[in-house]
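Protein sequence lines, in the order shown, are assigned to chains X and V. Under my numbering, the first residue of the first sequence is numbered 1, with each subsequent residue one higher. Under my numbering, the first residue of the second sequence is numbered 1, with each subsequent residue one higher.
Keep in mind the hints are simulated off the structure, nothing from the lab. Among the hints, erroneous ones may be present.
Said to hold, decoys possible - If you want the footprint, here are the derived chain V segments under chain X, 3+ residues with CB under 8 Å: (1) 22–36; (2) 49–57; (3) 61–73.
As the list claims (entries may be wrong) - With a straight-line Cα cutoff of 20 Å, these simulated EDC-like cross-link-like pairs (lysine to aspartate or glutamate) come out: (4) K30/X - D78/V; (5) K36/X - D63/V; (6) K30/X - D43/X; (7) K122/X - D42/V; (8) K73/V - D31/V; (9) K122/X - D138/X; (10) K69/X - D125/X; (11) K121/X - D138/X; (12) K103/V - D113/V; (13) K121/X - D75/X; (14) K122/X - D63/V; (15) K30/X - E71/X; (16) K30/X - E78/X; (17) K122/X - D35/V; (18) K30/X - E81/V; (19) K30/X - D63/V; (20) K36/X - D42/V; (21) K2/V - E23/V; (22) K36/X - E41/V; (23) K69/X - D138/X; (24) K121/X - D35/V; (25) K122/X - E41/V; (26) K122/X - D113/V; (27) K73/V - E8/V; (28) K103/V - D31/V; (29) K121/X - D43/X; (30) K122/X - D75/X; (31) K93/X - D35/V; (32) K69/X - D126/X; (33) K121/X - E41/V; (34) K36/X - E85/V; (35) K36/X - D75/X; (36) K122/X - D43/X; (37) K121/X - D90/X; (38) K121/X - E71/X; (39) K103/V - E8/V; (40) K93/X - D126/X.
Ideal Cβ positions, reconstructed from N, Cα and C, are used throughout, including at glycine.
Residues per chain, in single letters:
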Amino acid sequence: MSNKSSVEPITQQYVIPGTDFTRAGEASSKVKTILKRLGYDPDAIRRVAIAMYEGEINMVIHAHGGTAKVEIFPDRVEIALCDQGPGISDVSKAMEEGYSTAPDEVRALGFGAGMGLPNMKKCSDDMRVHSIIGKGTDVYMTIRVRGTGN
Amino acid sequence: MKLGNIVELLDAKVLCGDDMDMEIQTACGSDMMSDALAFIEDQAMLLTGLINPQSVRTAEMLDMRCICFVRGKMPGDDVVELARERGITVLTTRYRMFSACGKLYQAGLRGGDC
Ligand SMILES: Nc1ncnc2c1ncn2[C@@H]1O[C@H](COP(=O)(O)OP(=O)(O)O)[C@@H](O)[C@H]1O
Ligand SMILES: [Mg+2]
Chain X
1 MSNKSSVEPI
11 TQQYVIPGTD
21 FTRAGEASSK
31 VKTILKRLGY
41 DPDAIRRVAI
51 AMYEGEINMV
61 IHAHGGTAKV
71 EIFPDRVEIA
81 LCDQGPGISD
91 VSKAMEEGYS
101 TAPDEVRALG
111 FGAGMGLPNM
121 KKCSDDMRVH
131 SIIGKGTDVY
141 MTIRVRGTGN
Chain V
1 MKLGNIVELL
11 DAKVLCGDDM
21 DMEIQTACGS
31 DMMSDALAFI
41 EDQAMLLTGL
51 INPQSVRTAE
61 MLDMRCICFV
71 RGKMPGDDVV
81 ELARERGITV
91 LTTRYRMFSA
101 CGKLYQAGLR
111 GGDC
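When you get a sec, could you build the whole thing from the sequences and use the hints?
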């Protein structure tokens, strides 16, 4: 029997442009389309989509863009979001619901309620944030898939 | 409730989508997309005053089937086109958020939390 986690993943890589807020979400949308086509469980697809979308938005509004790497395994989806933005000085504070440093312009666009990171955590089964001030932020999320057709 | 019913109740204009028999049972009203995204229960419809593309993206991530813009707001063609691409029906109503939600609630639509 082969170990499920040793299966070669389907890997997707995206550049998230930092200058165009209207395009934020394109990468998440593409991932969602791929997972649907592969027949993944709708609940898992939604959790992947929401978690990645909030992460994408964060890279655009807080970090001038970044990159997303998505690895699709039969039993899980792993997402790595990496940017070279300003970093987060207090990650545990940033994880609190309602904590936001977003300016009012961002709130006028529908984001900046301080709900992104906590929701990303809620949607994923495992989430790690590595951030260095002045260097950037890496967010790693794993979403487990139940009921794949594989 | 059928989408056609909702269009009637809100005296709404349909900007894209044509399945008026589509069943909508739950809805959510918000101008803050992160708030909508934090409620991952099944909700079929988003009422919002936010007419940028992120309203469509948010609906898409949540598997919503319909967006209704309130206060007579008109989204740009790019926003309607994006919704069409993603199979999301777009409405616009002259009613404000509170009244639009109230009308739908009174007619039996629910928020999914009660
Ligand atoms: N990629 C990032 N780079 C720098 N700061 C970030 C990043 N992601 C989140 N943050 C910080 O964490 C805070 C909380 O994030 P989040 O919960 O998504 O709320 P919001 O984006 O609505 O402000 C942000 O206001 C910001 O200060
Ligand atoms: Mg955020």
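Okay, the hints, checked on the actual structure:
Evaluation of the coverage hint for the segment 22–36 of chain V: fulfilled, as 5 residues show C-beta separations to chain X shorter than 8 Å, against a requirement of three. Only when three residues or more bring their CB closer than 8 Å to a CB of chain X does the claim for the segment 49–57 of chain V stand; here the count is 6, and the claim holds. A count of 3 residues in the segment 61–73 of chain V with a Cβ less than 8 Å from any Cβ of chain X is obtained; the coverage claim is therefore met, three being the minimum. A hinted pair counts as satisfied when its Cα atoms are at most 20 Å apart, and K30/X with D78/V qualifies at roughly 18 Å.
A C-alpha spacing of about 11 Å is found between K36/X and D63/V, which places the hinted pair at or below 20 Å, so the restraint holds. Between K30/X and D43/X, the direct Cα distance comes to roughly 17 Å. Compliance with the 20 Å bound is thereby established for this hinted pair. Taking the CA atoms of K122/X and D42/V, the gap is about 16 Å. The hint holds against a cut of 20 Å. This hinted pair checks out: K73/V and D31/V have alpha carbons roughly 13 Å apart, not beyond 20 Å.
Proximity of K122/X to D138/X is assessed by CA-CA distance (about 18 Å); at most 20 Å being required, the pair is judged to hold. In summary, the hint linking K69/X to D125/X is supported, as the alpha carbons are separated by about 17 Å, within the 20 Å threshold. At most 20 Å may separate the alpha-carbon atoms for a hinted pair to count; K121/X and D138/X meet this at roughly 14 Å. For the suggested pair K103/V and D113/V, the alpha carbons sit about 18 Å apart, so the restraint of at most 20 Å is met.
Proximity of K121/X to D75/X is assessed by CA-CA distance (about 19 Å); at most 20 Å being required, the pair is judged to hold. Taking the CA atoms of K122/X and D63/V, the gap is about 18 Å. The hint holds against a cut of 20 Å. Restraint check: the Cα-Cα separation between K30/X and E71/X comes to about 13 Å, which is no more than 20 Å; the hinted pair holds. Restraint check: the Cα-Cα separation between K30/X and E78/X comes to about 15 Å, which is no more than 20 Å; the hinted pair holds.
Taking the CA atoms of K122/X and D35/V, the gap is near 13 Å; set against the 20 Å cutoff, the hint holds. The straight-line distance between the Cα atoms of K30/X and E81/V is roughly 17 Å, inside the 20 Å bound, and the hint therefore holds. Straight-line distance between C-alpha atoms of K30/X and D63/V comes to about 14 Å, which keeps the hinted pair within the 20 Å bound. A threshold of 20 Å between alpha carbons decides the hint, and for K36/X with D42/V the separation of about 17 Å falls inside it, so the pair holds.
As the CA atoms of K2/V and E23/V are separated by approximately 5 Å, the hinted pair is consistent with the 20 Å bound. Pair hint K36/X plus E41/V holds up; C-alpha atoms about 18 Å apart against a cutoff of 20 Å. Restraint check: the Cα-Cα separation between K69/X and D138/X comes to about 11 Å, which is no more than 20 Å; the hinted pair holds. As the CA atoms of K121/X and D35/V are separated by approximately 15 Å, the hinted pair is consistent with the 20 Å bound.
For a cut-off of 20 Å, the pair hint linking K122/X to E41/V stands: about 13 Å separates their Cα positions. Distance restraint check for K122/X and D113/V: the Cα-Cα separation of roughly 18 Å lies within the 20 Å cut-off, and the hinted pair is therefore satisfied. For the proposed pair K73/V and E8/V, the alpha carbon gap of about 18 Å is at most 20 Å, so the pair holds. For the hint pairing K103/V with D31/V, the CA-to-CA distance comes to about 18 Å; that is within 20 Å, so the pair holds.
With a CA separation close to 15 Å, the supplied pair K121/X and D43/X stays within the 20 Å bound. For the hint pairing K122/X with D75/X, the CA-to-CA distance comes to about 18 Å; that is within 20 Å, so the pair holds. As the CA atoms of K93/X and D35/V are separated by approximately 19 Å, the hinted pair is consistent with the 20 Å bound. At most 20 Å may separate the alpha-carbon atoms for a hinted pair to count; K69/X and D126/X meet this at roughly 16 Å.
Between the alpha carbons of K121/X and E41/V the distance comes to roughly 16 Å, so the proposed pair stays at or under 20 Å and holds. This hinted pair checks out: K36/X and E85/V have alpha carbons roughly 15 Å apart, not beyond 20 Å. About 14 Å separates the Cα atoms of K36/X and D75/X, which keeps this hinted pair within 20 Å; it holds. The suggested pairing of K122/X with D43/X holds, with an alpha-carbon distance near 13 Å, which does not exceed 20 Å.
Distance hint between K121/X and D90/X is fulfilled; the C-alpha atoms sit about 16 Å from each other, no more than 20 Å. In summary, the hint linking K121/X to E71/X is supported, as the alpha carbons are separated by about 18 Å, within the 20 Å threshold. The straight-line distance between the Cα atoms of K103/V and E8/V is roughly 11 Å, inside the 20 Å bound, and the hint therefore holds. Pair hint K93/X plus D126/X holds up; C-alpha atoms about 18 Å apart against a cutoff of 20 Å.
Going through the hint list in order, the structure satisfies each hint without exception.
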